[in-house]
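**Student:** Residue numbers (the working numbering), protein chains in the order written: chain W, 1 to 429; chain A, 1 to 337.
One thing to keep in mind: the hints can contain errors.
[Unchecked claim] Some chain W residues close to chain A (C-beta under 10 Å, calculated; not the full set): (1) Ala196; (2) Pro207; (3) Glu313; (4) Gln317.
Calculated directly from the structure, the hints in this document are not laboratory data. For every residue, glycine included, the Cβ atom is placed at its ideal position computed from N, Cα and C.
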Amino acid sequence: MTGKSIVIRGGRVVDASGERRADVVVEGGRVAAVGEGVGADGGDLVLDAGGCLVTPGLVDLHTHLRQPGREEAETVETGARAAALGGFTCVLAMPNTEPAIDSAGVAREVLELGRGTCCEVRTSGTITVGRAGERLSPMGELAELGVRFFTDDGSGVQDARLMRRAMEYARGLGVTLAQHCEDAVLASGGHMHEGAWSSRLGIPGQPAEAEELMVMRDIALARLTGARVHLQHLSTRRSVALAAQAKADGIAVTCEATPHHLTLTDASCAGYDTVFKVNPPLRTDDDVAAVRAGLADGTVDCIATDHAPHAPEAKEQPFDQAPPGMLGLETALAVALTHLDLPPARVFELMSWRPARILGADDAHGGAVEAGRVANLAVVDPAAEWVVDPHALASRSRNTPYAGMRLTGKVRHTLLAGEPVVVDGEAQR
Amino acid sequence: MKHLLAVADLTRDEVDHLLGLTDAFAEVGRRRVPKVPALQGRTVSWLFYEDSTRTRLSFEQAAKRLSADTLNFSVSSSSVSKGESLRDTVQTIEAMGVDAIVVRHTSSGVPAQVARWVDAAVVNAGDGWHEHPTQALLDCYTIRAHLGDLEGMRIAIVGDIAHSRVARSDVWAFSLLGAEVTLVAPPTLLPPNLDGWPVRVSHDLDAVLGDLDVVYLLRMQRERMTEALVPSLREYTARYGLTARRVDTMGDKSLVMHPGPMNRGVEIAADVAELPRSAVIDQVRNGVAVRMAVLFELLGSGPVVPPRSATTPGGPADRPLPVLTPSSPPAGPSADQ
Chain W
1 MTGKSIVIRG GRVVDASGER RADVVVEGGR VAAVGEGVGA DGGDLVLDAG GCLVTPGLVD
61 LHTHLRQPGR EEAETVETGA RAAALGGFTC VLAMPNTEPA IDSAGVAREV LELGRGTCCE
121 VRTSGTITVG RAGERLSPMG ELAELGVRFF TDDGSGVQDA RLMRRAMEYA RGLGVTLAQH
181 CEDAVLASGG HMHEGAWSSR LGIPGQPAEA EELMVMRDIA LARLTGARVH LQHLSTRRSV
241 ALAAQAKADG IAVTCEATPH HLTLTDASCA GYDTVFKVNP PLRTDDDVAA VRAGLADGTV
301 DCIATDHAPH APEAKEQPFD QAPPGMLGLE TALAVALTHL DLPPARVFEL MSWRPARILG
361 ADDAHGGAVE AGRVANLAVV DPAAEWVVDP HALASRSRNT PYAGMRLTGK VRHTLLAGEP
421 VVVDGEAQR
Chain A
1 MKHLLAVADL TRDEVDHLLG LTDAFAEVGR RRVPKVPALQ GRTVSWLFYE DSTRTRLSFE
61 QAAKRLSADT LNFSVSSSSV SKGESLRDTV QTIEAMGVDA IVVRHTSSGV PAQVARWVDA
121 AVVNAGDGWH EHPTQALLDC YTIRAHLGDL EGMRIAIVGD IAHSRVARSD VWAFSLLGAE
181 VTLVAPPTLL PPNLDGWPVR VSHDLDAVLG DLDVVYLLRM QRERMTEALV PSLREYTARY
241 GLTARRVDTM GDKSLVMHPG PMNRGVEIAA DVAELPRSAV IDQVRNGVAV RMAVLFELLG
301 SGPVVPPRSA TTPGGPADRP LPVLTPSSPP AGPSADQ
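Between the sequences and the hints, there should be enough to build the whole structure, so can you do that?
**Tutor:** The following block contains the structure:
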């Protein structure tokens, strides 16, 4: 529908430059006009944005799409649909698939699967072959395919010398290394945060220090190598403090926090419901407060979902046998708007233009809503109330920790490169 | 009470009530024919994912003395080894028509999960490091039988608290009944965080032994050596093993307890296990009565229970128990639940 025009009428546009009442006219996949009343004449499709905020589409730096290898839990197609329904126009696929995204062949497959879906799918690559932590992946070859982020997510690179080499090599390519910070030996056998709750429940825990040790190490290595390092899903008070100090010291680190580490605590595990099993584990009230404070003061650069689908049969196992991870794409924005006590513009900043810049996707995502830009947009009704129903989600899995929770804020429309992929809360692809 | 999942969920009244029921069932156990028809027509299923001899047999004996039918789910020969999910397994068992599922599992929390998935009553027969509630009840019953009310009593639990479901149940049960509980272990064998636990902590057994009414020893597992939790069994025994010499420093009436199976020569010296003050065999004996009480409490009430008035002579006068009367099977085929 390249020749057609779409009018987003009656909303308030929110981007990095501020907030204003404006219609948005989209033509040929790009924003053609922005301004009050510019949509008065209508177009081929008029999308009602009354009472809504029109924002650059959201960008997720941390999405597990499970394909190839775990298609029973999610596919690129279903994950992209969930993303669009959550207001995302760009997601970064994590490489812990089976096989891992550690070669140009697998990366091409994932990118190919992403074409024509509801969301732009970019992919990360692994730091080490097979995420085994032994040999460097062909980062140069992957970078030529457009891969900008490398991570062994699901686990951290344990060998400090190998991580140093990876950072040095990445610096030469101009790419970013993202780390799942966790000292595997110290954390080994732990299935939740080690603390008062794990002690009571008799579930082996992993201490906050298992995360903090690697945050500390990677900051030191970033200082040593000058590499750009992105610390994934920080979850403890001291991790946030370490990141703040690193930034104050001028080290090139960025970091993210997940909606669940900003809202849920280890007390959620009291009923042994495996939906609350996640890695890093849900921490204490004090940690949640500190991560939220880090988000408020800018230490934490962005919100990332760590959308981690698992099939019901995988989660319906004993707590210490179930895989860690929870869904996030379709609830992240609403959870942030409902629970973070931040103005919507600030939430969009943390979920759109900041992550877009960290990913290097800001040519097409997260930029100003202005004429000439690619029309990657989300239209969000900040007052719409809804109750999370796991069975109503577009994800192939149902492991949301927010089941039954009433949230405020819902995506009404999503435009991907000018195409309406979500209209009135319904996916169009 | 719908399920028995954890002592931490119980109130003082519920514990007292179960111990009262246990009195009545202990009396049944002393009869020439130690059997009552209280749970006739009811079916209790075992779901044991972990080897257990004494707990399994004890529950089985309890169910049989209550005239319940039993269904045995053997893990090794089951679909579990074929990769079936836990939920599918328990729902399959329930579909066969069971009134209670007695669950033992190596993973903490499985009984709580099972209770969410089925309508049958669920009894926790020990889950991971979490709880073993019937063990705690029989421990309380045994202490009360030997020493009377637990109020103000000083009890030490000695050994591998961190990995012990018995400790996690006993701590709550003992303190609920008013005892002062001290955990005695090296820091490596204590849970990493004891916030909110009604306990004192000591790393020195000799320092606390003289003041105790009960010393409760936990089994020291050999695999803890490989986890760098203690340097050697020899060093553990030297510092925490209950030897005859240490027993001599205890009060005359104080009791030695152990949940079994004992590692003689490690946490308990062989000759100590044989002393009159050792209550280990009583613990096992009382286990049957406690488990009868629990099964009756969960299954005996409701439509199939006969009126309280028809108490059989021989029952405790102050506790007219429906269990002691002949009962009839449920009205229709699995019409209950």
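**Student:** Could you work out which of the previously given hints the structure breaks and list their numbers from low to high?
**Tutor:** Going through the list in order, the structure violates no hint and respects every one.
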